[in-house]
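Top to bottom, those sequences are chains L and E. Per the numbering used here, residue 1 is the first one in the first sequence, and the count goes up by one each step. Per the numbering used here, residue 199 is the first one in the second sequence, and the count goes up by one each step.
FYI, nobody ran anything at the bench for these hints, they're computed from the structure. A couple of the hints might just be wrong.
If you want the ones that stay clear, here's a sample from chain E, every Cβ over 10 angstroms from chain L, calculated [what the hints assert, rightly or not]:
id : residue
1  : Asp234
2  : Gln238
3  : Arg274
4  : Gly278
5  : His310
6  : Glu317
7  : Pro318
8  : Gly347
What follows is a set of in silico ranges between Cβ atoms, one per label pair, in the way DEER data are often shown [stated by the list, open to error]:
id : chain 1 : residue 1 : chain 2 : residue 2 : range
9  : E       : Ala208    : L       : Pro156    : 53 to 59 angstroms
10 : L       : Pro89     : E       : Pro306    : 34 to 40 angstroms
11 : E       : Asn262    : L       : Pro47     : 39 to 45 angstroms
12 : L       : Pro145    : E       : Gly246    : 36 to 42 angstroms
If you want the ones that stay clear, here's a sample from chain L, every Cβ over 12 angstroms from chain E, calculated [unchecked claim]:
id : residue
13 : Asp12
14 : Leu28
15 : Pro44
16 : Pro132
17 : Gly137
18 : Gly144
19 : Gln148
All residues carry an ideal CB built from backbone N, CA and C; glycine is no exception.
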Amino acid sequence: MSATLLQPAFADPVLDAQRSFRVALKALAGPGVTHCLQPAHQPPALPGLAAATHALCLALLDLDTPLWLAPAFDTPAIRANLAFHCGCPIVSERQNARFALLDDSQLSDLSGFDLGNDRYPDQSCTLLIQLPSLSGGRALSWRGPGIQSENRVALPLHEHFWQQRGLHNDFPRGLDAFFLAGSELLGLPRSTRVEEGV
Amino acid sequence: MSPEQPTPIAARQRWIGVLSRALGDELQRHESALRDAEYQLIRAPEIGMTLVRGRMGGNGAPFNLGEMSVTRCVVRLADGRTGYSYLAGRDKARAELAALADAHLQGPQYQHWLNELIEPLALAQAARRARQDAETAATKVEFFTLVRGED
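Okay, chain L solo, but in the shape it has when bound (with noise of 0.2 angstroms):
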């Protein structure tokens, strides 16, 4: 019985949804700048997630967002405890998917995301992307709005992450993305450009 795989939620659910998404807010406006959520305000731990990664989960999905999972993350824990406490569908195509919960493994795949349209860009995937570390790769300079001239982000990514980013934005159209490591996230919303540094 899925019950006793559940876990409890954030301790104080509105105001603790609230400061998760007021940094997703600011992880997406200054893409590039690592944001950290404090320790009270962080759910308790769901195996397979990051405390970050659980906060946006729990911040972000609801009935209206249906959520697509990489593997890694479909297990009976992670669908009883999210179809519980945000009641956000669980889709297996990638195409009717608002969310998507991804681990390093999928990064060298970004096909079948929704990616907006021209009208209604806002309506394509955000990715969760959950990594080991934010940092420790190749240090790459990022540029565009929210960034006064450029960020130098070293995230620990495959050169393919960047050819499928590339291949799947056609702005507006295009996909944000979140990484998440332990209480650590990092916005990279379509907008931004990323080159090799100099």
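Using the hints provided, position chain E relative to the given structure of chain L.
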């Protein structure tokens, strides 16, 4: 009843209904017994709104009657039994006690809780209902026409 056996749905519907109609102090009396177990709040008592819909005459098209406040709560006992409650109103303590009672009623002590808690509550509710019906019946007016007045 063993805890592995799924609780018959009709029985659970009945006791959840009885718990939801219990007045605050009726559950309060059993507070120490209900809380006498290790438990965890999966969903702490929270107050929200729900839309009440009705059908004219019970079979017409549905219409929105209005909104009412509800309080809901989910607890889990140490052995994994999960108790749910949805109550009308804004009483968080009562929602927590009702959820605890639901969890206890799904366990091996089922009969004990049924006799101690649910049956007295159901009796009290039936008495209240009968008194209300009697008061209402006393005000009943029969309408009939003496003269039609047309011809």
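Evaluation of the provided hints:
no., hint, in the structure
1, Asp234, "holds (21 angstroms)"
2, Gln238, "violated (7 angstroms)"
3, Arg274, "violated (7 angstroms)"
4, Gly278, "violated (4 angstroms)"
5, His310, "holds (22 angstroms)"
6, Glu317, "holds (26 angstroms)"
7, Pro318, "holds (28 angstroms)"
8, Gly347, "holds (58 angstroms)"
9, Ala208/E / Pro156/L: 53 to 59 angstroms, "holds (55 angstroms)"
10, Pro89/L / Pro306/E: 34 to 40 angstroms, "holds (36 angstroms)"
11, Asn262/E / Pro47/L: 39 to 45 angstroms, "holds (41 angstroms)"
12, Pro145/L / Gly246/E: 36 to 42 angstroms, "holds (37 angstroms)"
13, Asp12, "violated (9 angstroms)"
14, Leu28, "holds (28 angstroms)"
15, Pro44, "violated (10 angstroms)"
16, Pro132, "holds (29 angstroms)"
17, Gly137, "holds (38 angstroms)"
18, Gly144, "holds (40 angstroms)"
19, Gln148, "holds (42 angstroms)"
Hints 2, 3, 4, 13, 15, counting from the list given before, are not met by this structure.
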